[in-house]
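Heads up: the protein sequence lines correspond to chains D, R and V, in order. All residue numbers for the first sequence refer to the working numbering, where the first residue is 1 and numbers rise by one. All residue numbers for the second sequence refer to the working numbering, where the first residue is 1 and numbers rise by one. All residue numbers for the third sequence refer to the working numbering, where the first residue is 1 and numbers rise by one.
No lab work stands behind these hints, which were simulated from the structure alone. A virtual CB, placed ideally from N, CA and C, is assigned to each residue, including glycine. Check the hints yourself; a few may be wrong.
[Claimed, not checked] Below, a list of computed lysine-lysine pairs in the PhoX-like style, where the Cα atoms sit at most 25 Å apart:
hint: 1; chain 1: D; residue 1: Lys239; chain 2: R; residue 2: Lys319
hint: 2; chain 1: R; residue 1: Lys319; chain 2: V; residue 2: Lys160
hint: 3; chain 1: V; residue 1: Lys71; chain 2: V; residue 2: Lys82
hint: 4; chain 1: V; residue 1: Lys160; chain 2: V; residue 2: Lys211
hint: 5; chain 1: V; residue 1: Lys187; chain 2: V; residue 2: Lys71
[To be verified] To give an idea of the interface, some chain R residues facing chain D are shown, with a C-beta separation under 8 Å as derived from the structure:
hint: 6; residue: Tyr143
hint: 7; residue: Leu144
hint: 8; residue: Pro147
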Amino acid sequence: MSQLKLQVTKRFAVSIGLLLAIFGLVLQVSPALAAGETDGPDSTSLSIGGIIKDGDVLLEGVQIAVTGDNFDATGTTGVDGRWVVGVPSKGEYRVTLLIETLPEGASLRDPNKITKTVKIDVVNTVNVLFTLNDTTSTTGGPGDKPAEAETNVFLGRLIAGLILGILLAMAAIGLSLIYGTTALNNFAHGEMVTMGALFAFTLNKLMGIDLLISAVLTMMLVAAFGWLQDATIWRPLRKRRVGLTQMMIVSIGLSLVIRYVFQIIYGGDTKVLSQGEIWNIAGVPTQAVNVISAGVGIVILLLVAAFLTKTRIGKATRAVADNASLAAATGIDVERIIRIVWVVAGALTGISGVMLGLFLQASWDMGFSILLLMFAAVTLGGLGTAFGAAVGALVVGLFVELSTLVIPSDLKFAGALVVLILVLLVRPQGILGKAQRIG
Amino acid sequence: MDWSLVFGNAVAELISPTTAAYALAAIGLAVHFGYTGLLNFGQAAFMAIGAYGFAVSILNFGFSFWGAIAVSIGLSIVFALILGIPTLRLRSDYLAIVTIASAEILRYVVSTTSMVGLTGGSNGLSAFGFQFYDMNPFPAGNYLFWPFDVTEKELWVRVVGWALVILASLLVLVMMRSPWGRVVKGIREDEDAVRSLGKNVYAYKMQSLILGGVLGTLAGIIFILPRAVQPANYGTGLTFFIWTVMLLGGAATVLGPVVGSMVFWVLLSLTDGILQGLVNIGVITFLTTDQIGPVRFILIGLGLMALVVFRPQGIFGNKKELQFNV
Amino acid sequence: MSNQISLGDASPGCQKVDPILVADNVSRQFGGLTAVNVAHLEIPRGKITALIGPNGAGKTTLFNLLTGFDKPTTGTWTFEGKNLAGVASYKVARLGMVRTFQLTKALSMLTVIENMRLGAQKQPGERFLAAMFRPLWSGFENRITVQAEDLLKRFKLDAKRDDFAAALSGGQRKLLEMARALMAEPKLVMLDEPMAGVNPALTQSLLDHIKDLKSNGTTVLFVEHDMHMVRHISDWVVVMAEGKIVAEGPPADVMKDQAVIDAYLGAHADIDLGTVSIKTVKDGE
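This is chain D alone, in the form it adopts within the complex (with noise of 0.2 Å):
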C-alpha cells in the first residue's frame, strides 16, 4: 500500500515536472516571448477594429478615438476601410467616431450613436460597427437596403456559427473519447484547447515557422502530452482505483496548475494569432483562414468518424466505450485502448486548439470558457457518444453565434449553457444519447 503510495507519488512529481520540461521546451525555443511584443497589428494582443464603409465605398482616413482604463489611442483606416486599435489590457473601451475626419457628405445614420462601449473579455477582438447613411447608393428603395443588411448579418452569424461548431467538434470528440473509455469528467480538457493555440502562437508568431507546419507540430505535440498526461497521472490513478469523483477533482487541480504554469510563460494578455487575407463568403467578409480550418475540421472528423467505424481499433474503441469489462473479456486490452484514445483525443483537441486560437485568438484561459462550451456539446449529443458530440458542437457552435441576434453578445456563451440546462430538463440522456438501463 505504502509502496503504491510512493510510487503514485514519485509518478505525480515526474509528470508534474515533465510537464513543466515541455512548457520549458516552448518557452525556451521562444525568446521573442520574454521580451514581449513587437508593434504592429500582427502582434497585438487584444484589439478593437472595424471597417467603415459609406455603402459600398470604403471610406479611408477616418478617425477613430478609444478610450479606457488609463488608455487613449486613435486609429485610422486605410484603404480598405479598415481599422485596428491594439489595447493593453481586458475591460471596457469607450469607442468614438471623429465624425469631423468622415469625408465630405458622409454621416452617421444615428447621429447619438457616435460613442459606443464596448468590453473586452471572451473575445479578443471587437469589431465596432458605425453605420453611415448610405449616400452612395442611387438604385433601390430606403426600404430594401436594412433587409439586405439584416440578411448579411444573419448570413454572417451562420457562417462563424458553423465554423465555430466545427472547430468546437473535435475538440469535444476528444472529450467525449475520453469520457467514453474512462468515465472521466475531464476538466483540464481545456487546458489542450489552450495548449494547442498558445503552441501554434509560439511556433508560427515567435518562431516564423509556417502556419501549416506550426499545426502539424502542435498536433504532435499536444497528441504527445495526451499520452503523457495518461501515462504520468491518470493510469497510476485507475491503477490505485481512485474514485471517479477524485479523478474529476484531480483534473480540476491539473487544470489549474496547467492554465497558471501558461499564464507565468506567455502573460495575461491575448496573443493574436490570425491575420491574412479576407474572403466574401456569399457576401460576409470572412476571414480566409477560418474558412480553410473550416473545410480541414470536415476533413478530420469524416477521418474520425472512419476510423470509429472501419478500423479494428476503433471498433474496439466503441466496444470500451460501451462497455469496458465486456471489451476486456472479449480479448480487447483496455489500458492499451485507453491510451490511444488520449493520444487520438490529444491530437483533435491540439489542432482543434490551434483553429480556435485563429478563430477567437489564443490565450492562457481561453481553454476554460471553451470547456464549457465542449461539456455542453458532449451532455447535449448524449455524455460518452462521439457522434453524438460532434452533432452537439455545431448546434453549440450555431447556437452562439446566431443568439447574438437576439441576445448582447457578450452573453453568448451564456446562451449555450442555458439550452444545455434545458436540455437536461427535458431529454437528460442528450439528443442522440439512449435512455439508461437502472438497476
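With the hints as your guide, set chains R and V onto chain D.
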C-alpha cells in the same frame, strides 16, 4: 525585507472576514458534498447571489439591510430549485456540469454591459455597506493587538462574520446528528438503499442543496462587506478554492471547513509574502512579482490534486465516514 | 393437484385465494431484448413465496419493476388493491412493500444501529425543520431504538450495535439489511437472494427469521437459487424463465414439473443449479 510583517499578515488571516466567508461557503459545500454527496461545482454562484442580491437591493431598490438579506436568501432558494429540479434525479455528474455552467451563466449575466444600470457591468458595485456599518456598536478606535489590530469597522465585520460561522457550524452539527442528517448521509452512500426504506431522496437532496446554498449566499454577503462587488471574483476559480478549503479540513466534519479556510488563507498569505520577499531581495530571479499570483494558483492546484488522491478525508476526517463514491 | 393457496389448480398465472400483490401484463424491454414479460401474477397473502429461475430469467428486473426502481414498458399492478404502476419507489416502501437487494446495500459509513433507525417510518426528526429541535423527535427516536435493539438481538447483531456497517461480514450485512427492512414494519418483504454469500452457520437462523415473519403475519417474496432453502421454507414457488412465468405451485409439485426442469437445463446458465434441481426431482420420485 520585513519578515515579521510577512508573518504578521499571514497570522492576521486567521480572523479575517475573507477567511470567515470562505469557511461559511465551505460549510455550505460540506452540506452538499461532504454529507449528501452532491457534486456542486457552482458554489461561487451562490456567493454571487449573496453579493449581488444584497448590493443591488440596497443600491437600486433602496431596501433596508434586513430586506436585502431576505432578498438574497430568497434568490438563493430559487436558484437552488432551478439547479435541482432538472438535475437531482439524474446521475451525479450531471449536477456537476449544470452547477458549473449555471455559475458561469450568472457571471456572464452580472457582467454584461447590457445590465450596467443594475449590476455595474464589469466594474461591479460599491458603497452598499453603510447600513451595516451604521449598526456598528463599537465606538471609533483601534482594537485588539498585533497582528490582529483592527479599526472599529474591521472589528464589526469580523465579529459578525465569525458569529455567522459559529452559528452555521452549530446548525450543521445539530442537523447532522438528527434523523434528517442520518437520511442525507445514507443518500451520500447509496440512494437506492434509502429510497427502498421509504425516504423521498429527491426532496432530501433539494433541502440539502438549499441549506448549503443559503450558507454560500450568506458567505457571499460577508465576503463583500469589507470590499466592492467585482464580477471577476465569481469565476470558477472561487468555487475550486472553496472545494480546496472544504477538502483540506475534511468534507464530512463540522470544524473541517473552518480550519481548512484558516490553513488555506494563512498558507496563501505566507507563500505570497515569502515569494514577494525572495523576489525583492533577489534570491528568486526567475519570477517577477507579477508572476507570484499565478504561482499561488499552481500551488493550490497541486495541493488539490495531492489532497484528493492521498488524503481525501482531509485533516480531521475519518476515512470510515467519508469515501468518494459515484 | 389442488391446494389451499390457489383458486383451483396451480398453473402459471393462476388466481389466488387471497392475493396481496396482483400484476398484469408487466413487461420490460432493454433495446430489443425482452427481460420481463409477465402476463399475470398473484402473490398470496401471509405466505412465503419463492421466485426461482435460471440466471437472466428476469427475477431481479421483476423485483425492480414491482418496487418502482425501474419503469416497465407495459403493465399494471396493485398492492392490497392500490394501483402501484408509476408510483415512486419510496412511496411503494411507505405503502408497506419493502425490498432488499441482491448486492447488499448496508450503509457501511453508518453504524449498525443508525442503519436500523433509518428503516423506521414516520420519524418526525427526518423532516427538515423538525430536525433542528430535538424534543420534537427524541421520544420517537428512543422508541425506535428499543425496537431496533430488539431486532438486532434476534438477528444476533446486538454485539455490533455501534460498529460501522463496513466492519460486518457479508452474511452479517445481509442480516442487517433484512433487519433494517423489518424496521419499516412492512406487509410484504421482498428479499433478493437473502442467502447468497451467507455463512452456512448463519443460514439456519436466517431461515428461522423468515419463518418468524410469516408467523407474524408478514408476506414474504424472495428470489433464491438455493433449492434446499426453497423447498424448506416456501409455501409457494413461482418459476421464471426468459422473462416469463413458466410454472407455479407448491414446492414439491413444482420441482417435478417438466417445464421447470427444461427451464433450468435449457438455459445452461448455471450448472450448480441444474444439478440441484435434478437431484431434487429424484428425491421427490
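Checked hints:
At roughly 20 Å between alpha-carbon atoms, Lys239/D and Lys319/R fall within 25 Å of each other, so this suggested pair holds. Pair hint Lys319/R plus Lys160/V holds up; C-alpha atoms about 19 Å apart against a cutoff of 25 Å. Distance check on the hinted pair: Lys71/V and Lys82/V sit about 18 Å apart at the alpha-carbon level, within 25 Å; holds. Restraint check for Lys160/V and Lys211/V: satisfied, since their Cα atoms lie roughly 24 Å apart, inside the 25 Å limit.
Under the criterion of a C-alpha separation no larger than 25 Å, the hint pairing Lys187/V with Lys71/V is consistent with the structure, at around 23 Å. With its C-beta approaching chain D no nearer than about 36 Å, Tyr143/R sits outside the 8 Å limit, and its interface hint is violated. About 34 Å separates the beta-carbon of Leu144/R from the nearest beta-carbon of chain D, more than 8 Å, and the hint is not met. Below 8 Å, beta-carbon pairs count as interface contacts, and Pro147/R has none with chain D, the closest being about 29 Å; its hint is therefore violated.
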